[in-house]
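Peer 1: In order, the protein sequence lines correspond to chains A and B. Per this note's numbering, the first sequence starts with residue 57, numbered consecutively. Per this note's numbering, the second sequence starts with residue 57, numbered consecutively.
Simulated from the structure, these hints should not be mistaken for lab results. Watch out, some of these pointers could steer you wrong.
Same chains, same label: a pair holds when it works inside one copy or across any pair of copies.
[Stated by the list, open to error] Below, simulated BS3-like cross-link-like pairs (lysine-lysine); rule was C-alpha separation at most 25 Å, straight line: (1) Lys335 / Lys310; (2) Lys139 / Lys231; (3) Lys131 / Lys256; (4) Lys320 / Lys310; (5) Lys196 / Lys139; (6) Lys280 / Lys225; (7) Lys196 / Lys172; (8) Lys87 / Lys196; (9) Lys256 / Lys280; (10) Lys172 / Lys248; (11) Lys303 / Lys234; (12) Lys335 / Lys303; (13) Lys303 / Lys246; (14) Lys196 / Lys315; (15) Lys315 / Lys172; (16) Lys280 / Lys315; (17) Lys335 / Lys320; (18) Lys315 / Lys340; (19) Lys88 / Lys196; (20) Lys172 / Lys335; (21) Lys280 / Lys335.
Just so it is clear, the structure is predicted and the values come from calculations on it, not from any experiment.
Okay, here's what each chain looks like letter by letter:
There are 2 protein chains.
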Amino acid sequence: MSDTNLVISVDAMGGDNSPRVVIEGLALAAKKNPDIRFLVFGDEEKVRKELERFPALTKICTLHHSPEMVHNEDKPSQVIRNKNTSMYQAIDAVRQGQAEAVVSAGNTGALMAISKMLLKTIQKIHRPAIVSIMPHRYGKYVMLDLGANTECNAVNLAEFAVMGNVLAKHALGIKHPKIALLNIGAEEMKGKEEIRHASKMLRSSSMDIDFIGYIEPHEVPFGKADVIVADGFTGNVALKSIEGTAKLIRSMIKDAIHKSLLAKLGLPFMFFAAKRISKTMNPKLYNGAMFVGLNGLSVKSHGGADALGFSVAIGNAAMLVRQNFVATIRDELEHIDLEEISQDIYYEVY
Amino acid sequence: MSDTNLVISVDAMGGDNSPRVVIEGLALAAKKNPDIRFLVFGDEEKVRKELERFPALTKICTLHHSPEMVHNEDKPSQVIRNKNTSMYQAIDAVRQGQAEAVVSAGNTGALMAISKMLLKTIQKIHRPAIVSIMPHRYGKYVMLDLGANTECNAVNLAEFAVMGNVLAKHALGIKHPKIALLNIGAEEMKGKEEIRHASKMLRSSSMDIDFIGYIEPHEVPFGKADVIVADGFTGNVALKSIEGTAKLIRSMIKDAIHKSLLAKLGLPFMFFAAKRISKTMNPKLYNGAMFVGLNGLSVKSHGGADALGFSVAIGNAAMLVRQNFVATIRDELEHIDLEEISQDIYYEVY
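The following block holds chain A by itself, in its conformation from the complex:
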């Protein structure tokens, strides 16, 4: 792919401290990804002021003035009707083919609603899903859905498995990703009906994936699977439980060290060990939840992300665009009919 082809559309007004942090994030991302150009949507005056600090970045940015912006408290039903927001216009650029992915740190519900409306789901995908790259003990894994769909049927879960499989290949570089369904037990009869049904679907010989069965949440951090599939409610609960626990332990360690003079004296000894942990566990390095299953890629940066975090979200988007993620999912689905596989299992059972 030629180096001028990779265009990413950016909502400069989303997240805390925008557009400053967003523009700083683009500057960082541009250094690491010299093949990207940006379409930047936002308050022209404010964005230009920030861009002035980065002459090299300015050259690869096309600035579009958006008179309005989506606020955190805005409801999805309102924002989909307002074509004047930076978020709407940034997503619309992908619909029009001017960019291949959009990144925003704004309101998640709004980003999902507008993306779904404008980009539409890939043919044969019923439900788009939110997916993130996460760290485990020995590497990385992807987990989906992280909250786009509160309730899912077996076909939805199987679609997530197909998309997760492509994502793990593209984003993690794993040739044959191990796919698992998140469940509360290892035995085949455990959990909910839709999970058991999805398990039978994923074992079908028509599926070209390496399905390893159920995975329990406490096994996830130890690299048993590369792709963790769950409905959006369960995935969101798992994700936020992981985040909360990590935050709890961090704060308890800080607190314990703070309360001990001896421990404070020992801190310099811990410098390299702490750096090693932060290198793999730093939440900034896992910023950028991807909204997949649409005709175009929509990436959500954390609202509180700093420039490094935002640049990681841009980097994720760029990586998937380079590898033709959307087209690959379309291809994969051309050869399988998940509805048919699902029906066959019903006939087998009854």
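We have chain A already, so just place chain B on it with the hints.
Peer 2: Frame of chain A; chain B shown alone:
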């Protein structure tokens, strides 16, 4: 209550390294709880051999020979028919009124199935639940259901809230526990239908609880609520995600220190800080998942728990028995009709 009245029935054959660890756990528990007597069920010869090491404990134990034991791979449907196992007989002692609680480190599914069959649910409780005491940043909280019921309706969730409320009062000593429903967002319309319905029920003026609304999983470790209510699938996912993350971070810290000579040199400085963390976060101190909602208390110790862990499970059981936990739940439910509250909300909505 007189000090000879507190009798706890013990399945000596459950868990790894039984009956050795179980008997060691009883010895520890007896030191901390001088008011307990034990009915011990198991292989008489093996148990007696272990008891010989603890003359003081032997005096307060009544040993019953059970010719068989439940194995980890046994199915609940089988074990409920075998009256000769130590687990069955230990639970049956509670049914017969010989003991007020039973503790086992054996097969969880078997313990639940036999307990449910023999002890039966409290009148007006539809579904018993598994509940644990967990550590948060500033104290402790209880969470239920942790896996007894994969799918729950609003009435079930409201029952869990009532039981959790009593438990937080009795086990945590909190006068007016704050109750929250686990959900993936804070807004009223978030999550699943049964959660939204339960939320309306818990806000009803007929409920004598302090319901604070939804709590998201990442807020749980920071003490926002004293009682976290969820269906058994969600609660189990949250619990195991917390456990897995804590284990991951522990192993990464160990690994990072192991790989750095400097950090190893700094370890002595960290002794007191590490001790402080371990004092609040040590999983042994939170052993003993309680199966509540039955006419009698059934407590599951972790299969891999050591003597200290087993003694904590015994201590939990004793504490709830002392405070008449089962009777209090019965009393609480006498004054409210959850089915009626649930119906009223349906009428309001439609």
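Peer 1: Indicate, hint by hint, whether the structure satisfies it.
Peer 2: To see whether the hints hold, each was checked on the structure:
no.	hint	verdict
1	Lys335 / Lys310	both (18 Å within a copy, 15 Å between copies)
2	Lys139 / Lys231	neither (41 Å within a copy, 52 Å between copies)
3	Lys131 / Lys256	between (38 Å within a copy, 22 Å between copies)
4	Lys320 / Lys310	both (10 Å within a copy, 19 Å between copies)
5	Lys196 / Lys139	neither (38 Å within a copy, 48 Å between copies)
6	Lys280 / Lys225	within (16 Å within a copy, 40 Å between copies)
7	Lys196 / Lys172	neither (28 Å within a copy, 42 Å between copies)
8	Lys87 / Lys196	within (24 Å within a copy, 47 Å between copies)
9	Lys256 / Lys280	within (20 Å within a copy, 40 Å between copies)
10	Lys172 / Lys248	between (28 Å within a copy, 21 Å between copies)
11	Lys303 / Lys234	between (28 Å within a copy, 22 Å between copies)
12	Lys335 / Lys303	both (16 Å within a copy, 18 Å between copies)
13	Lys303 / Lys246	between (31 Å within a copy, 24 Å between copies)
14	Lys196 / Lys315	between (34 Å within a copy, 21 Å between copies)
15	Lys315 / Lys172	neither (50 Å within a copy, 47 Å between copies)
16	Lys280 / Lys315	between (38 Å within a copy, 24 Å between copies)
17	Lys335 / Lys320	both (22 Å within a copy, 19 Å between copies)
18	Lys315 / Lys340	between (27 Å within a copy, 24 Å between copies)
19	Lys88 / Lys196	within (20 Å within a copy, 45 Å between copies)
20	Lys172 / Lys335	neither (34 Å within a copy, 49 Å between copies)
21	Lys280 / Lys335	within (21 Å within a copy, 31 Å between copies)
Of the numbered hints listed earlier, those contradicted by the structure are 2, 5, 7, 15, 20.
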